[in-house]
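There are 4 protein chains.
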Amino acid sequence: MYLKEGDAAMYESKLQDERLMYDLVVQRLKDRGVELEDIAQITLELQRKFLPDLTFETCLLHLESVLEKREVQNTILTGIELDVLAEKGLISEPLSMMLNTDYGLYGIDEVLALSIVNVYGSIGLTNFGYVDKVKPGIMAILDSKTENSKACHTFLDDIVGAIAAAAASSIAHRYTDTSKVIEAIKKSR
Amino acid sequence: MYLKEGDAAMYESKLQDERLMYDLVVQRLKDRGVELEDIAQITLELQRKFLPDLTFETCLLHLESVLEKREVQNTILTGIELDVLAEKGLISEPLSMMLNTDYGLYGIDEVLALSIVNVYGSIGLTNFGYVDKVKPGIMAILDSKTENSKACHTFLDDIVGAIAAAAASSIAHRYTDTSKVIEAIKKSR
Amino acid sequence: MYLKEGDAAMYESKLQDERLMYDLVVQRLKDRGVELEDIAQITLELQRKFLPDLTFETCLLHLESVLEKREVQNTILTGIELDVLAEKGLISEPLSMMLNTDYGLYGIDEVLALSIVNVYGSIGLTNFGYVDKVKPGIMAILDSKTENSKACHTFLDDIVGAIAAAAASSIAHRYTDTSKVIEAIKKSR
Amino acid sequence: MYLKEGDAAMYESKLQDERLMYDLVVQRLKDRGVELEDIAQITLELQRKFLPDLTFETCLLHLESVLEKREVQNTILTGIELDVLAEKGLISEPLSMMLNTDYGLYGIDEVLALSIVNVYGSIGLTNFGYVDKVKPGIMAILDSKTENSKACHTFLDDIVGAIAAAAASSIAHRYTDTSKVIEAIKKSR
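Residue numbers (the numbering used here), protein chains in the order written: chain R, 40 to 228; chain W, 40 to 228; chain D, 40 to 228; chain Z, 40 to 228.
Hint data in this document are derived by calculation from the structure and do not stem from the laboratory.
Keep in mind it's a predicted model, so treat the numbers as computed, not measured.
Just so you know, not all the hints are guaranteed correct.
Where chains are identical, the list cannot tell them apart; a pair therefore holds if satisfied intra-copy or between any two copies.
Here are the computed lysine-lysine pairs in the DSS-like style, where the Cα-Cα straight-line distance is at most 25 Å [said to hold, decoys possible]:
#1 Lys226 / Lys108
#2 Lys226 / Lys69
#3 Lys174 / Lys225
#4 Lys172 / Lys69
#5 Lys53 / Lys127
#6 Lys226 / Lys127
#7 Lys88 / Lys226
#8 Lys127 / Lys88
#9 Lys226 / Lys189
#10 Lys225 / Lys108
#11 Lys219 / Lys88
Looking at chain R on its own, in the form it has when it is part of the complex:
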């Protein structure tokens, strides 16, 4: 079940596997109406007040690195699966009702979202909560679909917000000026 250390051919193959998994996850999001550009747009809005020169391309790059994380991929696959099964009427009651109406006391959608946010540390929590409340761009579209049609986006809604917030954290970690920390260390010696 485990690979041997130093087996170069197997790692080569593992890297290819990881690319395939990444492509699958991106396709699943697309199949549910979410393009990476929609998510990158939310990340850009979250971060450009702190980093005025931030480009859309940089947001996309950080978003891609979020989607390469295995735990993020597994969360997306699981959440979307539950949404789809709820739409198809394959979930038993009362869970079916909770998913199909985005029931406010359900909470497991937030639990899954948190596991995405945590990948870049807790500084993403605030951004996640904020976008989950104000529902910018694609999030409003997903949210309205739940109310008006048979589409179920109970998990997807939070997942999109969590990915956008995680990418914002990744950008913050990359671009924040950390020289103050170092000055403080040096001063204390």
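Got chain R sorted already, so can you dock chains W, D and Z onto it with the hints?
Quick look at chains W, D and Z alone, frame taken from chain R:
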């Protein structure tokens, strides 16, 4: 270290102990410039769009039950202690700089806040993130103090938001109409 | 969607709803081969080294209070649903393979379990991790089923451990002698 | 406060800053009696049953990558600071008593540890809980010091376990054979 089952006198004494701990935590918040009424106000604003008849008194009651939880009390004592020690210059560098400037990449303030929010389940996450971003009422005052004076509210800021969000969750759990869930269960039989 | 404050008849009805939900969750566990007594046994083993007089009945009582929590109920319904759908072959690949083989890098089962443990605070984390590793009693039976048959218990396994750990936390909070804390407060005045 | 995109000289300087921060954290652990080798030993014991060829050097490499994460560094600095301040008698009551006796209902030490474990996803939870219970190697030494002397290791104890568990997760993510996942994807097309 453990009490014996069925020892009534000891439980009587434990209840008194718990009251004393509650009073201490409320006093510590007060000493740092935060009245329960300030927090209840945030909770009221978060929930009255869903529950128009919600009163300030009800918010206060739910807030008190949040503050009776031991994990919430321990988080408050720990966070305030770190703020106070940072003000007094008793924290070593570079942690001292991070606390005294509310350094954006620190993240441990959000970690502690999350442990408060979690007490009433993950539905509080969104409200916490939202108030941490828009900083209503007392939170704006605490936040501005950090910028302009020697006061350090790096932890208190997030703790206040987390307590307000937890009380909002408690209210949502209490007042949300759950009859739909039951209808769904009955329909499925 | 929200109840009015002070509407006694509606709360009466809500309490009945909550009883029905509790019964449903207990029945779902039973349908998957888990009796409350199996879980209480794990809790008893975790706590009796600290509290030698602890009875099985007390463990059952605390377990019941864990199962009355809405977030715990929602987690159980969601996890068992995924296990059942995986057994029935209704989950798409590669998620189906991950669930049916209890794939080690999946991780979402631990994420859901954590949301149960958190209900009684983080002191349950250690107990959860421990039982998830040593798999006492019913947990070993659930785990072996996954290997040998078509049964899928990827989520149930962790859920049982999390409930047992949460009940152990509840007992620890109830029976730990807290007088030392109070002495410390009084000494400091 | 933010760096400009594409400013190569500043990133060069940021990389040097990150090295300095890493060295500081390793030194703090050393000052408290914990060598990286002590932690790597725990990681090796956790993982070698799954990966018989795993070497001590590989464990050290993964451990170093854990310690390069900013959230892990901030957690270590905060936890050790609280331990040291408790030893020096600079913490107010009742928090001082809780830290100096490693009080079982405190819980904030587990909260901080969880933020370390989460960096490599929730699969580390089980390993953390397990080592926190059985206390292998250096963890037993730290734990006994708390009982017998004036040393306070309430946070350090859990931090060491969390770092060892996170490194074990990192190894599991790196070496687990993922070809089954890819076969499942391909089969489903």
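Against the structure, the hints:
no., hint, verdict
1, Lys226 / Lys108, "between (38 Å within a copy, 23 Å between copies)"
2, Lys226 / Lys69, "between (51 Å within a copy, 21 Å between copies)"
3, Lys174 / Lys225, "neither (43 Å within a copy, 34 Å between copies)"
4, Lys172 / Lys69, "within (23 Å within a copy, 30 Å between copies)"
5, Lys53 / Lys127, "neither (34 Å within a copy, 30 Å between copies)"
6, Lys226 / Lys127, "between (63 Å within a copy, 18 Å between copies)"
7, Lys88 / Lys226, "neither (31 Å within a copy, 46 Å between copies)"
8, Lys127 / Lys88, "neither (42 Å within a copy, 33 Å between copies)"
9, Lys226 / Lys189, "between (61 Å within a copy, 19 Å between copies)"
10, Lys225 / Lys108, "between (35 Å within a copy, 20 Å between copies)"
11, Lys219 / Lys88, "within (21 Å within a copy, 42 Å between copies)"
Hint compliance for this structure: hints 3, 5, 7, 8 are not met, and every other hint is.
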